[in-house]
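*Asks:* Letter by letter, the chains look like this.
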Amino acid sequence: MSSLMQEMGDRALRLGVPLSVQLDLTYRCNEKCVHCYLDHDDHGEMTTAEIKHLLEEMAEAGVFILTLSGGEIFLRKDFFEILECARALTFCIKLKTNAVLIREAQAARLRDLGVESIQVSIYSHRPEVHDTITKVKGSLQRSINAIRFLKSQGLKVVVANVLMTENMQDYHDVRELAGELGAAYTLDPTVTPMMDGDRSILNLNAGESALHSLFRDETFVGNAGEFCAPPPPPDADSMASLPCSAGHTACYVSPYGEFYPCVQFPLSCGNVRQERFIDIWRNSEQLKEVRSIRLKDLSGCSQCAHGSTCTRCPGLAFMEGNMRGPSTADCEKSFARTGIPSVNLLAKKDKAYPPRLVQIQIAPATAGN
Amino acid sequence: MTNRKLYVARSPRIAARKLGEEMLVMSGQGSTLFTLNPTATILWQAADGATPLDEIVERRICSEFEVKPEEAMRDAEALAEDLAKHGILLISEQPIPKPVSSVQESR
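Going down the list, the sequences are from chains A and B. The first sequence lines up with residues 1 to 369 when you count with my numbering. The second sequence lines up with residues 370 to 476 when you count with my numbering.
Read the hints as simulated data drawn from the structure, not as lab findings. Glycine included, each C-beta is placed from N, C-alpha and C at the ideal position. Where hints are given, some of them may not hold.
Claimed, not checked - Below are the DMTMM-like pairs computed for lysine to aspartate or glutamate, each with C-alpha atoms no more than 25 angstroms apart in a straight line:
#1 387(B) x 112(A)
#2 454(B) x 7(A)
#3 94(A) x 391(B)
#4 454(B) x 112(A)
#5 387(B) x 84(A)
#6 77(A) x 258(A)
#7 387(B) x 56(A)
#8 467(B) x 116(A)
#9 387(B) x 279(A)
#10 387(B) x 50(A)
#11 52(A) x 417(B)
#12 467(B) x 84(A)
#13 387(B) x 198(A)
#14 387(B) x 297(A)
#15 387(B) x 116(A)
#16 454(B) x 39(A)
#17 387(B) x 275(A)
#18 387(B) x 57(A)
#19 467(B) x 60(A)
#20 467(B) x 56(A)
#21 32(A) x 198(A)
#22 387(B) x 10(A)
#23 349(A) x 297(A)
#24 467(B) x 112(A)
#25 467(B) x 78(A)
#26 374(B) x 446(B)
#27 467(B) x 81(A)
Claimed, not checked - Going by beta-carbon spacing under 10 angstroms, a handful of chain B positions derived as facing chain A:
#28 388
#29 391
#30 393
#31 394
#32 397
#33 402
#34 403
#35 404
#36 406
#37 465
Said to hold, decoys possible - Take a look, some chain A residues computed to stay more than 12 angstroms from chain B by CB distance:
#38 32
#39 168
#40 173
This is chain B alone, in the form it adopts within the complex:
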């Protein structure tokens, strides 16, 4: 785990919808379809660009799952980087402003 603050935001170019406990996500890059498991879905839904990743992990993941904060943070960083590679999530060391036509909370 690093000491840097990371901010994550949902990409405005994607399509997403919750189906059961999972999140269906269509990346704008090549129309690739992904499904996010329940943990990734929580991270995804909390990725508002303003809340640091460590706060999301502490408040939304550690409170719901029996997992050590360090381990959860490592997993969350790896997941965020993986989602960013696919154009699904934006990562920055600064808060990420919402685009003019912002994507709302996925239902």
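For reference, chain A alone in the conformation it holds in the complex:
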């Protein structure tokens, strides 16, 4: 993040402005990725008029960065009408897409409308791996073709790669592919639970040894010695720090108008179909609760050696059952990085092997009883 953007973030925090919003336009998708956290059925998406009204409310509230995502955004027939409205309201627009529906014409229109960047999901440089993850044959080639169309229009493209068991050997090659295409590259090492709480897809996570290797790969992390060094003890600033921007300067709105602190934090704070965006932002009791979270108040995490450097996600913690509790995915990352188990991991280990001090056995029924 640029220092000016950081400064603007700090100012937005002081002013109570929602500087950044992700709006998912649909959960429908033309790919069926194995790790996706969404239910792709349409349960009543906002109409074009509802979305335009919401965009006006968000502009009025001070939202500057608007990420349009899904599902697959290009499945909405009114996508360009929505985008045109958003640009007329002078949002800085970022798009997240699999890009398979983008051809020359769509790319040219995105350029004309002044989109800031387009993030395209690429899971592997090998079609047999990428297409297996998306469950759509030919999807890798179509996404690559689309990136070429976008780059030919001078647009900024970011290749987004999620690390999981299926593709953990491929991230170097995906980054190389991104470079050849003239795109930036970002790698996310965490598969998250489904929005409905189903955690079965977490078994796709690449695992500790893959994280261990990744965190020692200096082409990704810079100086591995520094990156993997034991964390300094948490100081007063760390104890009083905010966990992330969710609910503070950022939030998320679903295709059904549900308002959440973040796309990874399914705590409903209201619905923009029933209340004004700014009223939810200012008055939601749930958001006030999220905003009150500080490291020093967290049982376990406040005692943990990783307190000052942990990337603890309050949304993932919420999905584990307690927004003030640990996020095990982040504990595992801290452990893979430093070799030092978190307080949470130690507690889990203790629970996994309970001492058998008392054992009750039921006597088998005697014949004839």
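Given chain A, put chain B in place with the hints provided.
*Replies:* The following block gives chain B in isolation, referenced to the frame of chain A:
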């Protein structure tokens, strides 16, 4: 100060939002972020492509700040040229028509 009439318009390729008293502006050229101070923000908001720069200075800047019109005009021209270099503002000696998909008044 020159005698030529200058017209200024906000570029349709930028993103902008008022944050407190300042204007956040993201240029389409290289995704560069700028902040405009309160005076520049006034000029920016008044840049409709139809109102000459000297009128903007007289009505919107000299009325709000204690500054001589000549000095304000010199500063405004320099500011407009600087913003134009970054692709944030369009400058012309003719009125600038609004693009088909026009950028509305920034909030």
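*Asks:* All the hints need checking, so say for each whether the structure fits it.
*Replies:* Do the hints match the structure? See the list:
| no. | hint | verdict |
| --- | --- | --- |
| 1 | 387(B) x 112(A) | holds, 23 angstroms |
| 2 | 454(B) x 7(A) | holds, 24 angstroms |
| 3 | 94(A) x 391(B) | holds, 22 angstroms |
| 4 | 454(B) x 112(A) | holds, 20 angstroms |
| 5 | 387(B) x 84(A) | holds, 20 angstroms |
| 6 | 77(A) x 258(A) | holds, 21 angstroms |
| 7 | 387(B) x 56(A) | holds, 14 angstroms |
| 8 | 467(B) x 116(A) | holds, 21 angstroms |
| 9 | 387(B) x 279(A) | holds, 19 angstroms |
| 10 | 387(B) x 50(A) | holds, 24 angstroms |
| 11 | 52(A) x 417(B) | holds, 24 angstroms |
| 12 | 467(B) x 84(A) | holds, 15 angstroms |
| 13 | 387(B) x 198(A) | violated, 41 angstroms |
| 14 | 387(B) x 297(A) | violated, 35 angstroms |
| 15 | 387(B) x 116(A) | holds, 18 angstroms |
| 16 | 454(B) x 39(A) | violated, 47 angstroms |
| 17 | 387(B) x 275(A) | holds, 23 angstroms |
| 18 | 387(B) x 57(A) | holds, 14 angstroms |
| 19 | 467(B) x 60(A) | holds, 22 angstroms |
| 20 | 467(B) x 56(A) | holds, 21 angstroms |
| 21 | 32(A) x 198(A) | holds, 16 angstroms |
| 22 | 387(B) x 10(A) | holds, 15 angstroms |
| 23 | 349(A) x 297(A) | holds, 23 angstroms |
| 24 | 467(B) x 112(A) | holds, 14 angstroms |
| 25 | 467(B) x 78(A) | holds, 24 angstroms |
| 26 | 374(B) x 446(B) | holds, 11 angstroms |
| 27 | 467(B) x 81(A) | holds, 19 angstroms |
| 28 | 388 | holds, 6 angstroms |
| 29 | 391 | holds, 8 angstroms |
| 30 | 393 | holds, 6 angstroms |
| 31 | 394 | holds, 9 angstroms |
| 32 | 397 | holds, 5 angstroms |
| 33 | 402 | holds, 5 angstroms |
| 34 | 403 | holds, 8 angstroms |
| 35 | 404 | holds, 7 angstroms |
| 36 | 406 | violated, 13 angstroms |
| 37 | 465 | violated, 17 angstroms |
| 38 | 32 | holds, 32 angstroms |
| 39 | 168 | holds, 31 angstroms |
| 40 | 173 | holds, 27 angstroms |
Violation of the numbered hints given earlier is confined to hints 13, 14, 16, 36 and 37; the remaining hints are satisfied by the structure.
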